[in-house]
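Undergrad: Residues per chain are reported as follows:
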Amino acid sequence: MKLDSMYQEVILDHYKHPHGRGLRDGDAEVHHVNPTCGDEITLRVKYDGETIADVSYEGQGCSISQASASVLNELLVGKELPEAQKIQAAFLELMQSKGQLEPDEAMEEVLEDAVAFAGVSKYPARVKCALLSWMAWKDATAKALSEGKTA
Amino acid sequence: MTDARQGLTGLLDTEAIRKDFPILDRTVRDGKKIVYLDSAATSQKPRQVLDALNTYYERHNANVHRGVYTIAEEATALYEGARDKVAAFINAPSRDEVIFTKNASESLNLVANMLGWADEPYRVDRDTEIVTTEMEHHSNIVPWQLLSQRTGAKLKWFGITDDGRLDLSNIDEIITEKTKIVSFTLVSNILGTVNPVEQIIRRAQQVGALVCIDASQAAPHMVLDVQALQADFVAFTGHKMVGPTGIGVLWGRQELLEDLPPFLGGGEMIETVSMHSSTYAPAPHKFEAGTPPIAQAVGLGAAVDYLSAIGMENIHRHEQAITEYAVKRLLDVPGLRIIGPATAEDRGATISFTLGDIHPHDVGQVLDEMGICVRVGHHCARPVCLRYGIPATTRASFYLYSTPAEVDALVDGLEHVRNFFG
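Protein chains in written order, with full-length UniProt numbering: chain A, 1 to 151; chain B, 1 to 422.
It should be emphasised that the hints constitute simulated quantities derived from the structure, not laboratory data.
All values reported here derive from a predicted model rather than from experimental measurement.
Don't be surprised by glycine CBs; every beta carbon is placed ideally from N, CA and C.
A few of these clues could be false.
Claimed, not checked - Derived coverage of chain B by chain A (criterion: at least 3 residues anywhere in the stretch with Cβ under 8 Å from a Cβ of chain A; other residues may be distant): (1) 372-379; (2) 384-398.
Stated by the list, open to error - Computed spacing ranges between beta-carbons, pair by pair: (3) L23(A) / E313(B): 51 to 61 Å; (4) E173(B) / G78(A): 55 to 65 Å; (5) S277(B) / A89(A): 54 to 64 Å; (6) E345(B) / K79(A): 55 to 65 Å; (7) A228(B) / L92(A): 54 to 64 Å; (8) D332(B) / E50(A): 36 to 46 Å; (9) H416(B) / K16(A): 15 to 25 Å.
What the hints assert, rightly or not - Pairs of lysine to aspartate or glutamate, DMTMM-like flavour, derived with a Cα cap of 25 Å: (10) K122(A) / E105(A); (11) K16(A) / E255(B); (12) K2(A) / D25(B); (13) K86(A) / D54(A); (14) K138(A) / E50(A); (15) K178(B) / D119(B); (16) K79(A) / E58(A); (17) K2(A) / D30(B); (18) K16(A) / D357(B); (19) K328(B) / D163(B); (20) K102(B) / E271(B); (21) K33(B) / D4(A); (22) K102(B) / E258(B); (23) K154(B) / D167(B); (24) K2(A) / D408(B); (25) K32(B) / D4(A); (26) K143(A) / E93(A); (27) K2(A) / D412(B); (28) K122(A) / D30(B); (29) K85(B) / E313(B); (30) K143(A) / E105(A); (31) K98(A) / D30(B); (32) K16(A) / E415(B); (33) K138(A) / D27(A); (34) K154(B) / E120(B); (35) K2(A) / D357(B); (36) K128(A) / D357(B); (37) K2(A) / E74(B); (38) K85(B) / E74(B); (39) K2(A) / E58(A); (40) K328(B) / D162(B).
Using the sequences and the accompanying hints, generate a full structural model.
TA: What follows is the structure in structure tokens.
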């Protein structure tokens with residue numbers, strides 16, 4: 001069934017058991033919404049020099065947006081900023097691929113659990129759900145940088 | 001389930017009606033026939049309307065009110081003929097009270113702008129008040145917020161009760177001597193609630209306020225009689241009543257349309273123009289600047305003919321039966337909570353609900369896999385979602401072509417959703 005290509009086991013697992021959910025101390029906070037469906041996320045980033053010490057978040061949304069935030073937390077916390085930006089760019093490319101991109105080994109190595117979202121890219125209405133937390137993270141990081149919170 | 005279907009009375013001959021709607025035979029997702037439950041967003045179109053659009057373009061296309069050649073006169077006659085049909089459909093005292101717009105949003109914005117630029121006694125300014133409700137579609141909130149911000153007038157609104165009705169307990173405090181305009185929806189696009197027009201209009205008339213009714217979710221589904229309503233303005237859109245997109249209607253009382261200033265200026269709405277000033281054509285043309293949506297108006301005329309031939313009372317009775325059946329069946333789905341009136345009484349054929357804590361997006365996605373088309377989200381009525389503390393709902397809405405079997409398909413689909421995310 002096609003639905004399974006969107007709702008991969010990995011995604012449903014993250015949805016049911018989210019990583020790092022809840023707001024904790026951070027250097028910058030942003031609030032993003034998806035105006036078409038009302039999904040919302042409040043996200044904070046905490047940097048320790050170049051290292052992402054924490055990404056904490058709270059919000060409401062569908063399984064795709066919630067699982068995506070959980071994967072983001074798992075993937076980015078502990079990474080250096082340049083590497084995290086590389087991961088973010090790879091995820092964005094995958095989500096904008098309209099289902100045409102077959103993740104290769106190199107991509108899987110970068111994206112880990114996040115490759116499970118490849119199927120979501122076939123559903124234009126849901127791409128924004130998957131990207132909500134990633135766009136919020138990018139925005140929060142820019143905010144933290146401009147406020148000089150990171151090295 | 002067939003037991004529950006027994007005793008359903010007032011249903012239309014949907015087998016015959018559905019033959020008029022080619023899209024209802026469409027299959028999606030590996031051969032599944034669509035179950036279209038999103039008519040509150042837009043209705044499907046019968047062949048009669050599609051043919052009218054085609055014939056117009058193939059045989060009569062020309063600009064209106066200009067040429068003296070044959071097809072220009074035909075185009076004008078068809079466009080103005082559509083106005084006659086709409087006027088009769090809503091029992092307007094005069095055809096000149098029917099203004100064509102591009103949709104209901106434009107109609108409502110037009111009223112707000114007429115009042116913003118009007119002279120006394122209609123003028124909305126910092127000493128006056130505007131009243132709307134928490135139940136409105138964004139199209140009946142934002143134009144009034146803009147008017148309020150631009151004029152300094154105070155915006156007030158009626159709240160909603162727990163069971164999805166307007167809370168009119170404080171009506172005398174909300175509508176006061178300062179109120180210039182009260183604008184509210186006849187039928188909620190998210191809750192399905194049919195609002196008590198009389199009570200609101202009586203109070204508005206007491207204080208001399210104008211009344212504008214958003215009939216977008218009413219005109220397609222029930223007899224709409226602007227004289228019986230006693231409002232000053234009534235707005236609705238064509239595409240929800242089996243007509244094409246790009247055509248809306250604003251009905252307004254003739255003396256108001258004479259007194260109130262135009263909003264958009266341009267061709268068609270003038271009498272004479274010099275470089276210093278212009279005089280305006282009489283209503284409705286005063287409010288129809290530029291080349292109008294001609295084919296779309298002709299299509300709306302065909303839509304009105306189609307609905308009238310079936311009979312708005314019959315359509316309403318059909319939808320009442322479907323709604324009653326749907327409410328009953330949905331309430332049996334474990335974890336399902338109807339957002340809005342939980343009975344078929346004083347409600348339209350639009351039912352919003354939540355399903356446990358499964359997000360509506362996920363509900364809609366699984367239903368789509370089965371060919372079932374529902375709307376998910378806040379339905380351009382975010383204040384309603386905020387009121388009930390929910391991010392979004394799933395909404396099923398029915399129309400003259402909807403069948404009890406489609407209600408069953410929805411209920412089966414929801415069972416599948418629960419299993420999938422269970």
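Undergrad: Now tell me, hint by hint, if it's right for this structure.
TA: Now for the hints, and whether the structure bears them out:
Taking a C-beta to C-beta cut-off of 8 Å, the segment 372-379 of chain B contributes 3 residues in contact with chain A, enough for the three needed, and the coverage statement holds. By the rule of at least three residues with a Cβ nearer than 8 Å to a Cβ of chain A, the coverage given for the segment 384-398 of chain B holds, with 3 such residues. Judged by the Cβ atoms, the range 51 to 61 Å given for L23(A) and E313(B) holds: they are separated by roughly 55 Å. For the pair E173(B) and G78(A), the supplied restraint of 55 to 65 Å holds, since their beta-carbon distance comes to about 57 Å.
About 59 Å separates the C-beta atoms of S277(B) and A89(A), a value consistent with the hinted range of 54 to 64 Å. A hinted range of 55 to 65 Å holds for the C-beta pair E345(B) and K79(A), which are about 58 Å apart. Under the hint 54 to 64 Å, the C-beta atoms of A228(B) and L92(A), about 56 Å apart, fit the expected range. Separation of D332(B) from E50(A) is about 57 Å and departs from the stated range, judged on CB atoms against 36 to 46 Å.
Distance hint check: the CB atoms of H416(B) and K16(A) are about 18 Å apart, consistent with the given range 15 to 25 Å. For the hint linking K122(A) to E105(A), the alpha-carbon distance of about 20 Å falls within 25 Å, and the restraint holds. Taking the CA atoms of K16(A) and E255(B), the gap is about 61 Å. The hint is violated against a cut of 25 Å. Between K2(A) and D25(B), the direct Cα distance comes to roughly 22 Å. Compliance with the 25 Å bound is thereby established for this hinted pair.
Of the pairs offered as hints, the one joining K86(A) and D54(A) holds, with about 18 Å between alpha carbons and a cut-off of 25 Å not exceeded. Restraint check: the Cα-Cα separation between K138(A) and E50(A) comes to about 14 Å, which is no more than 25 Å; the hinted pair holds. Distance hint between K178(B) and D119(B) is fulfilled; the C-alpha atoms sit about 16 Å from each other, no more than 25 Å. Between K79(A) and E58(A) the CA atoms are separated by roughly 21 Å; this keeps the pair inside 25 Å, and the hint holds.
A distance of roughly 10 Å separates the Cα atoms of K2(A) and D30(B); the hinted pair therefore holds under the 25 Å criterion. A threshold of 25 Å between alpha carbons decides the hint, and for K16(A) with D357(B) the separation of about 11 Å falls inside it, so the pair holds. For the hint linking K328(B) to D163(B), the alpha-carbon distance of about 16 Å falls within 25 Å, and the restraint holds. Proposed proximity of K102(B) and E271(B) is supported: the alpha carbons are some 23 Å apart, at most 25 Å.
A threshold of 25 Å between alpha carbons decides the hint, and for K33(B) with D4(A) the separation of about 21 Å falls inside it, so the pair holds. The suggested pairing of K102(B) with E258(B) holds, with an alpha-carbon distance near 21 Å, which does not exceed 25 Å. Between the alpha carbons of K154(B) and D167(B) the distance comes to roughly 20 Å, so the proposed pair stays at or under 25 Å and holds. The hinted pair formed by K2(A) and D408(B) meets the criterion: a straight-line CA distance of about 23 Å does not exceed 25 Å.
The suggested pairing of K32(B) with D4(A) holds, with an alpha-carbon distance near 17 Å, which does not exceed 25 Å. Restraint check for K143(A) and E93(A): satisfied, since their Cα atoms lie roughly 23 Å apart, inside the 25 Å limit. Distance hint between K2(A) and D412(B) is fulfilled; the C-alpha atoms sit about 19 Å from each other, no more than 25 Å. Taking the CA atoms of K122(A) and D30(B), the gap is about 15 Å. The hint holds against a cut of 25 Å.
Simply put, K85(B) and E313(B) have alpha-carbon atoms about 18 Å apart, close enough for the 25 Å limit, and the pair holds. Between the alpha carbons of K143(A) and E105(A) the distance comes to roughly 33 Å, so the proposed pair goes past 25 Å and is violated. Taken as a hint, the K98(A) and D30(B) pair is honoured in the structure, with Cα atoms around 19 Å apart against an allowance of 25 Å. Proposed proximity of K16(A) and E415(B) is supported: the alpha carbons are some 19 Å apart, at most 25 Å.
Our distance criterion of 25 Å between C-alpha atoms is met by K138(A) and D27(A), whose separation comes to about 13 Å. For the proposed pair K154(B) and E120(B), the alpha carbon gap of about 17 Å is at most 25 Å, so the pair holds. Only pairs whose Cα atoms come within 25 Å are accepted, and K2(A) paired with D357(B) is accepted, the gap being roughly 23 Å. A hinted pair counts as satisfied when its Cα atoms are at most 25 Å apart, and K128(A) with D357(B) qualifies at roughly 21 Å.
Annotation: proposed proximity of K2(A) to E74(B) is violated, straight-line Cα distance about 51 Å (limit 25 Å). Using a Cα cut-off of 25 Å, the hinted pair K85(B) and E74(B) holds, with the two alpha carbons roughly 16 Å apart. A C-alpha spacing of about 30 Å is found between K2(A) and E58(A), which places the hinted pair above 25 Å, so the restraint is violated. Restraint check: the Cα-Cα separation between K328(B) and D162(B) comes to about 19 Å, which is no more than 25 Å; the hinted pair holds.
Going down the numbered hints, you'll see the structure goes against 8, 11, 30, 37, 39, while the others check out.
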